[in-house]
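Work out the full structure: start from the sequences and follow the hints.
Protein chains in written order, with the working numbering: chain A, 1 to 442; chain B, 1 to 334; chain C, 1 to 328.
These are computed hints drawn from the structure, not numbers from a lab.
The reader is advised that the hints may include incorrect statements.
Some, not all, of what chain A presents toward chain C, calculated at C-beta under 8 angstroms [what the hints assert, rightly or not]:
{"#": "1", "residue": "R139"}
{"#": "2", "residue": "S141"}
{"#": "3", "residue": "P142"}
{"#": "4", "residue": "V143"}
{"#": "5", "residue": "V144"}
{"#": "6", "residue": "G162"}
{"#": "7", "residue": "T163"}
{"#": "8", "residue": "T168"}
{"#": "9", "residue": "R169"}
The calculated lysine to any residue pairs, modelled on SDA-like cross-linking and capped at a C-alpha distance of 20 angstroms, are [unchecked claim]:
{"#": "10", "chain 1": "B", "residue 1": "K45", "chain 2": "A", "residue 2": "K423"}
{"#": "11", "chain 1": "B", "residue 1": "K70", "chain 2": "C", "residue 2": "P123"}
{"#": "12", "chain 1": "A", "residue 1": "K423", "chain 2": "A", "residue 2": "K335"}
{"#": "13", "chain 1": "A", "residue 1": "K170", "chain 2": "C", "residue 2": "Y328"}
{"#": "14", "chain 1": "B", "residue 1": "K305", "chain 2": "A", "residue 2": "P43"}
{"#": "15", "chain 1": "B", "residue 1": "K101", "chain 2": "C", "residue 2": "G107"}
{"#": "16", "chain 1": "B", "residue 1": "K45", "chain 2": "A", "residue 2": "E20"}
{"#": "17", "chain 1": "A", "residue 1": "K18", "chain 2": "A", "residue 2": "D36"}
{"#": "18", "chain 1": "A", "residue 1": "K170", "chain 2": "C", "residue 2": "R253"}
{"#": "19", "chain 1": "C", "residue 1": "K305", "chain 2": "C", "residue 2": "G107"}
{"#": "20", "chain 1": "B", "residue 1": "K101", "chain 2": "C", "residue 2": "K305"}
{"#": "21", "chain 1": "A", "residue 1": "K390", "chain 2": "A", "residue 2": "P437"}
{"#": "22", "chain 1": "B", "residue 1": "K305", "chain 2": "A", "residue 2": "P437"}
These numbers come from a predicted model, not from an experiment.
By construction, the Cβ of each residue, glycine as well, lies at the ideal position given by its N, Cα and C atoms.
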Amino acid sequence: MPQLGESVTEGTITRWLKAEGDEVAIDEPLAEVDTDKVNAELPSPVAGKIEKFLVSEGSTVDVGTEIALVAVAGESDSPASDAPPQENTAADAPTEEFPASGTEAQPAAQDTERQQEVAHAGGDGRGEIEDAETLRLTRSSPVVRRLAEEHGVEITEIPGTGTGGRVTRKDIEGYIEEQEEREEYAPPGLQEEREAFEEPEPEIERVPVYEGDRVEDLTGTRRAIANRMSASKRQAPHAWTMVEVDVSGLAALREREKAAFAEREGINLTYLPFIVEAVVESLREHPVLNSVWDEDRIILRKRINVGVAVDLEDALIVPVIADADELNLVGLARKVDDLVRRARARQLGTEDISGGTFTVNNPGALGSVVSTPIINHPQAAILSAEAIVKRPVVIDDAIAVRSMMNLEVSFDHRVLDGGAALKFLNAVKRRLEAYGPESDTG
Amino acid sequence: MAIRETSAGHEALGLDEDDLRRMHYHMLLARRVDERSWILNRQGKAAFVISCQGQEGAQVGAAYNLRPGKDYLYPYYRDSGMTMLLGQTPRDQFLSLLGKKEDPNSGGRQMPGHFSSRRLNILTSSAPVGVQYPQAAGTALAFKMRGEDGVVLVCGGEASTSGGDWHEAMNFAGIHDLPVVFLVENNVYAISVPAKFQVAGSIAKRAEGYGFPGHEVDGNDVLAVYEVAREAFGRARAGEGPTLIEAKTYRMTAHSSDDDDRRYREREEIEEWRKKDPIVRFEKYLMENGVLDESERDEISERIKAEVAEASEYAENAPFADPEDVLVGVYAEA
Amino acid sequence: MATKNLLQAIYEGLAEEMRSDESVMVLGEDVGRAGGVFRVTQGLQEEFGTARVMDTPLAESLIVGSAIGLSVNGMRPVAEIQFADFIPPAFDQIVSEAAKFHYRSNGDWNCPITIRAPYGVVPGGALYHSQSIEAWFCNTPGLKVVAPTFPADAKAMIKSAIRDPNPVLFLEHKRTYRLIKEEVPDEDHEVPLGEARVHREGADITVVAYGLMLYTALAVAEKLSEDHGIETEVVDPRTLYPLDKETILDSARRTGKVLVISEANLTGSVSGEIAAIVAREAFEWLDGPVMRLGAPDVPAAAFAKPMMDYFVPSAEEIEAAMLELARY
Numbered sequence: 001m002p003q004l005g006e007s008v009t010e011g012t013i014t015r016w017l018k019a020e021g022d023e024v025a026i027d028e029p030l031a032e033v034d035t036d037k038v039n040a041e042l043p044s045p046v047a048g049k050i051e052k053f054l055v056s057e058g059s060t061v062d063v064g065t066e067i068a069l070v071a072v073a074g075e076s077d078s079p080a081s082d083a084p085p086q087e088n089t090a091a092d093a094p095t096e097e098f099p100a101s102g103t104e105a106q107p108a109a110q111d112t113e114r115q116q117e118v119a120h121a122g123g124d125g126r127g128e129i130e131d132a133e134t135l136r137l138t139r140s141s142p143v144v145r146r147l148a149e150e151h152g153v154e155i156t157e158i159p160g161t162g163t164g165g166r167v168t169r170k171d172i173e174g175y176i177e178e179q180e181e182r183e184e185y186a187p188p189g190l191q192e193e194r195e196a197f198e199e200p201e202p203e204i205e206r207v208p209v210y211e212g213d214r215v216e217d218l219t220g221t222r223r224a225i226a227n228r229m230s231a232s233k234r235q236a237p238h239a240w241t242m243v244e245v246d247v248s249g250l251a252a253l254r255e256r257e258k259a260a261f262a263e264r265e266g267i268n269l270t271y272l273p274f275i276v277e278a279v280v281e282s283l284r285e286h287p288v289l290n291s292v293w294d295e296d297r298i299i300l301r302k303r304i305n306v307g308v309a310v311d312l313e314d315a316l317i318v319p320v321i322a323d324a325d326e327l328n329l330v331g332l333a334r335k336v337d338d339l340v341r342r343a344r345a346r347q348l349g350t351e352d353i354s355g356g357t358f359t360v361n362n363p364g365a366l367g368s369v370v371s372t373p374i375i376n377h378p379q380a381a382i383l384s385a386e387a388i389v390k391r392p393v394v395i396d397d398a399i400a401v402r403s404m405m406n407l408e409v410s411f412d413h414r415v416l417d418g419g420a421a422l423k424f425l426n427a428v429k430r431r432l433e434a435y436g437p438e439s440d441t442g
Numbered sequence: 001m002a003i004r005e006t007s008a009g010h011e012a013l014g015l016d017e018d019d020l021r022r023m024h025y026h027m028l029l030a031r032r033v034d035e036r037s038w039i040l041n042r043q044g045k046a047a048f049v050i051s052c053q054g055q056e057g058a059q060v061g062a063a064y065n066l067r068p069g070k071d072y073l074y075p076y077y078r079d080s081g082m083t084m085l086l087g088q089t090p091r092d093q094f095l096s097l098l099g100k101k102e103d104p105n106s107g108g109r110q111m112p113g114h115f116s117s118r119r120l121n122i123l124t125s126s127a128p129v130g131v132q133y134p135q136a137a138g139t140a141l142a143f144k145m146r147g148e149d150g151v152v153l154v155c156g157g158e159a160s161t162s163g164g165d166w167h168e169a170m171n172f173a174g175i176h177d178l179p180v181v182f183l184v185e186n187n188v189y190a191i192s193v194p195a196k197f198q199v200a201g202s203i204a205k206r207a208e209g210y211g212f213p214g215h216e217v218d219g220n221d222v223l224a225v226y227e228v229a230r231e232a233f234g235r236a237r238a239g240e241g242p243t244l245i246e247a248k249t250y251r252m253t254a255h256s257s258d259d260d261d262r263r264y265r266e267r268e269e270i271e272e273w274r275k276k277d278p279i280v281r282f283e284k285y286l287m288e289n290g291v292l293d294e295s296e297r298d299e300i301s302e303r304i305k306a307e308v309a310e311a312s313e314y315a316e317n318a319p320f321a322d323p324e325d326v327l328v329g330v331y332a333e334a
Numbered sequence: 001m002a003t004k005n006l007l008q009a010i011y012e013g014l015a016e017e018m019r020s021d022e023s024v025m026v027l028g029e030d031v032g033r034a035g036g037v038f039r040v041t042q043g044l045q046e047e048f049g050t051a052r053v054m055d056t057p058l059a060e061s062l063i064v065g066s067a068i069g070l071s072v073n074g075m076r077p078v079a080e081i082q083f084a085d086f087i088p089p090a091f092d093q094i095v096s097e098a099a100k101f102h103y104r105s106n107g108d109w110n111c112p113i114t115i116r117a118p119y120g121v122v123p124g125g126a127l128y129h130s131q132s133i134e135a136w137f138c139n140t141p142g143l144k145v146v147a148p149t150f151p152a153d154a155k156a157m158i159k160s161a162i163r164d165p166n167p168v169l170f171l172e173h174k175r176t177y178r179l180i181k182e183e184v185p186d187e188d189h190e191v192p193l194g195e196a197r198v199h200r201e202g203a204d205i206t207v208v209a210y211g212l213m214l215y216t217a218l219a220v221a222e223k224l225s226e227d228h229g230i231e232t233e234v235v236d237p238r239t240l241y242p243l244d245k246e247t248i249l250d251s252a253r254r255t256g257k258v259l260v261i262s263e264a265n266l267t268g269s270v271s272g273e274i275a276a277i278v279a280r281e282a283f284e285w286l287d288g289p290v291m292r293l294g295a296p297d298v299p300a301a302a303f304a305k306p307m308m309d310y311f312v313p314s315a316e317e318i319e320a321a322m323l324e325l326a327r328y
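Structural data, given as structure tokens:
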């Protein structure tokens, strides 16, 4: 069916002017065709013998539909073949990976995490939008964000002179300049000490690139992490110690309570709130673990703001539970859930990641049984909770199978010694081992 | 106003037999090219056809007075008789019809019927009706300013005299005695609107109001049109100013391939005008005057048929421009 | 070098060009004998004669249409539309015809015409002698639209426009004809079309403006510098279509703060185009929202002075906007 006129999409064969079996010459009228624009005779585009009419008189077909078969002299006729049926390739269902040990100190697969997010976000499925005043203070402007990321500086820590206290480009440029100057300035008497402890600036020797090598330029985030980690290791002499914790009772408690908890509170009951609660109470008893080294003094922080390390694909971020000692187990569970979810969704604000005094790390979620974390500078210590593994253990001279979890602490040896670290660790251990299936999860 | 018909034989008009044969050839060529264009459209190969059929006499009669390379033509979309007379070829027509890269009018950017050729002094045309008239007046003014005897022929249908641009141009041409010939091919219909709802009074008589002569002529008599146009061109060349020619003719096809004229006119009316077909009438004149006989006529017919077939096939096989060409040529470079 | 106002500079540019090129001619209503209702063309007919400086009938479509016809037969016409408000009858010839000649003929024909028109608010002008009409034309590929505000630029750019093989719409702010004076070089000073000019350098905010608004913005910039130590960079696009994006973006990236000011109705204005370009291509450098100031969306400035004053962005409003942005 030809297109007879612009914007015409279909035509009707009102009358065939030849019969099947007739010979037809080129340009000879073959049919009368009606469209919503015109009514016309259709001149045959080929000469030959009409084999078959594929459309009957009175039928309406789309432009492009085959309407007749004409055997052109010298060609064998080839009947129209049906297109092969479309094959549906079933999409492979994504396999979810769970940590080998099966712990859920943090929610396991990222996929389920995101699915949960979608289910929980806001009543009508759309999140709340922050107001302009808040955004001015936290996100400022594109150029300010860019400078902040490039220099590893937090916008909320800078005094702003712009509208509503906004940090302007000038403000952050000034701040960065000041910072660089401050790093150069040293209070009298400390200079020698500094020089003794600080490594000399290494000469930057570039590494050669060979054919086939892939060079990845550093992202702002990567560079920031690199700087922080180097600074931490360079300044704080790291020491490390470990204890084994029997969490069989805790595991049984969680097993018993998790369904009811989930129903009651709307979030999963993981191991992390238990750990954080134990840490917080132990920090109260051993405040030197919640402190900061400052050149010629140690500042013991009053507030206990526990950071929880979250591993994202391309970044390591530590959202902070401010005043963690004021929250009970349920409160901690909620807070952890909220922070982790927002971290994964990249929705954390500057206030969420600043002001930490102690950090809890959970490589156990990824299967680690031993790790030596780097202190979250300028804190004094960091705790790692490892995977919970069922192991044969000796109790009362008999072998029992118990759920065991390793806990380690890396600490700044300038601030505290191994004894203090172990006293703290043992306090945490004691608390975690005290849980049994009948314990209260209040 | 009396309609002028051929008042003199061709010799008195300064035409010899070669001229007559040439005029005949171009009228027939235009007709056959047009017929083939319709077939291409009905076969689904050409998206749009807009015809000259019935107006070949008016077109060739008037345009025959143009001096190629010297005078200017502002055609309207039916004037394929004129453009081929001036030097466009059947291949050009089909290339334009199919929107191919080699289309001399626009490289496939414009619909068919939007003629253009700098080489042949044919101005680029467009779709808004009547815009050509003020432009033609300006072009004529340039000749006058330089004291040259160039002439501008500007054409349109009767509907193009309804818009302000025609009147502004007529007025301006009259004020300054511009060397422009206004040819109105009154073919009775503007799409579906007949002349009686288009034109108040007489088109030809309007020229008087603008201070120069206007003539009605039998548009299907090629020699009558030639005669009146020859006078008009003569006036213009002599610096005597503009002339309006209203050629009374008839649109034998629908407005375009997108128009169904059965909605607004009777077949009988078309048949009446078919009896006055300009090509048939001219062939009668030629045969009566011994310029053409049956076998010569058949031979010409065959020759034209072959030319048209070759040109059509050439254009059908010709390539389109690259899609990226769309971005080229928005501005002229200095 | 002599000090000239905008009107004198345009006259000089026209006269010099007509002296050096015989094909250049002027046509329009009252341009010949009377020298133009604003006197821009005064003296041209005496020097060049009635053929080259032609008084046309009152018919805008004819004025531009015949200019097109002249331009394809060896002439370089400069057509005048007496007030930009009267351009609508010529719209078909400008947009459907002149702008598309080159493209639609696949480069075969071109249309080297210049169309001059005075625009902008003047006391007593009211709805039909005050409009800013550039937005109607600044998205017509094939056409160029220029609006030089300062005399030296106008003189150079009328020549560039005449020499350009494309149709150029040359807009002149009538309020500034006599208001703005500048040293205008005697020699053949060239300003190409499509190039902006930075009138004043500054590090704190960028103001993009043309016409009377440019003149006012420059004065406000001085005031801000004296009173507040705020340094404004003032960019004059000079050509509105196509825009000199690079100059505007360079300034935007330096200051991070851009305010676009024009006298046209705000919605759908050329200011919007400039703002969109800045927002996209200078995004990472922005330290504040891209702001615009324009006339309210009502049909032009009214006749009564208080209403007219309300319509046009005032020096006070401009100062307030610049301060707000600088302090953001």
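Now for the hints, and whether the structure bears them out:
1. Annotation: R139(A) was flagged as interfacial toward chain C, and the flag is violated, the nearest CB pair being 12 angstroms apart, outside 8 angstroms.
2. Proximity of S141(A) to chain C holds as hinted, the smallest CB-CB distance being about 5 angstroms (cut-off 8 angstroms).
3. Below 8 angstroms, beta-carbon pairs count as interface contacts, and P142(A) has one with chain C at about 5 angstroms; its hint therefore holds.
4. Taken as an interface hint, V143(A) checks out: its beta carbon lies about 5 angstroms from the nearest beta carbon of chain C, inside 8 angstroms.
5. Satisfaction of the interface hint for V144(A) is found here, the shortest Cβ-Cβ separation to chain C being roughly 7 angstroms, below the 8 angstroms cut-off.
6. Here the hint on G162(A) is kept, as its CB sits about 6 angstroms from the closest CB of chain C, short of 8 angstroms.
7. A least Cβ separation of about 5 angstroms between T163(A) and chain C falls short of the 8 angstroms threshold, and the interface hint therefore holds.
8. Satisfaction of the interface hint for T168(A) is found here, the shortest Cβ-Cβ separation to chain C being roughly 6 angstroms, below the 8 angstroms cut-off.
9. Interface restraint check for R169(A): the shortest CB-CB distance to chain C comes to about 4 angstroms, inside 8 angstroms, so the restraint holds.
10. Proposed proximity of K45(B) and K423(A) is contradicted: the alpha carbons are some 91 angstroms apart, above 20 angstroms.
11. For the hint linking K70(B) to P123(C), the alpha-carbon distance of about 51 angstroms lies beyond 20 angstroms, and the restraint is violated.
12. A threshold of 20 angstroms between alpha carbons decides the hint, and for K423(A) with K335(A) the separation of about 27 angstroms lies outside it, so the pair is violated.
13. Pair hint K170(A) plus Y328(C) holds up; C-alpha atoms about 11 angstroms apart against a cutoff of 20 angstroms.
14. Only pairs whose Cα atoms come within 20 angstroms are accepted, and K305(B) paired with P43(A) is accepted, the gap being roughly 17 angstroms.
15. Pair hint K101(B) plus G107(C) holds up; C-alpha atoms about 13 angstroms apart against a cutoff of 20 angstroms.
16. Restraint check: the Cα-Cα separation between K45(B) and E20(A) comes to about 25 angstroms, which exceeds 20 angstroms; the hinted pair is violated.
17. For the suggested pair K18(A) and D36(A), the alpha carbons sit about 24 angstroms apart, so the restraint of at most 20 angstroms is broken.
18. Annotation: proposed proximity of K170(A) to R253(C) holds, straight-line Cα distance about 14 angstroms (limit 20 angstroms).
19. Under the criterion of a C-alpha separation no larger than 20 angstroms, the hint pairing K305(C) with G107(C) is inconsistent with the structure, at around 49 angstroms.
20. Between the alpha carbons of K101(B) and K305(C) the distance comes to roughly 59 angstroms, so the proposed pair goes past 20 angstroms and is violated.
21. In summary, the hint linking K390(A) to P437(A) is supported, as the alpha carbons are separated by about 17 angstroms, within the 20 angstroms threshold.
22. With a CA separation close to 102 angstroms, the supplied pair K305(B) and P437(A) exceeds the 20 angstroms bound.
Violated hints, in rising order: 1, 10, 11, 12, 16, 17, 19, 20 and 22; the structure is consistent with all others.
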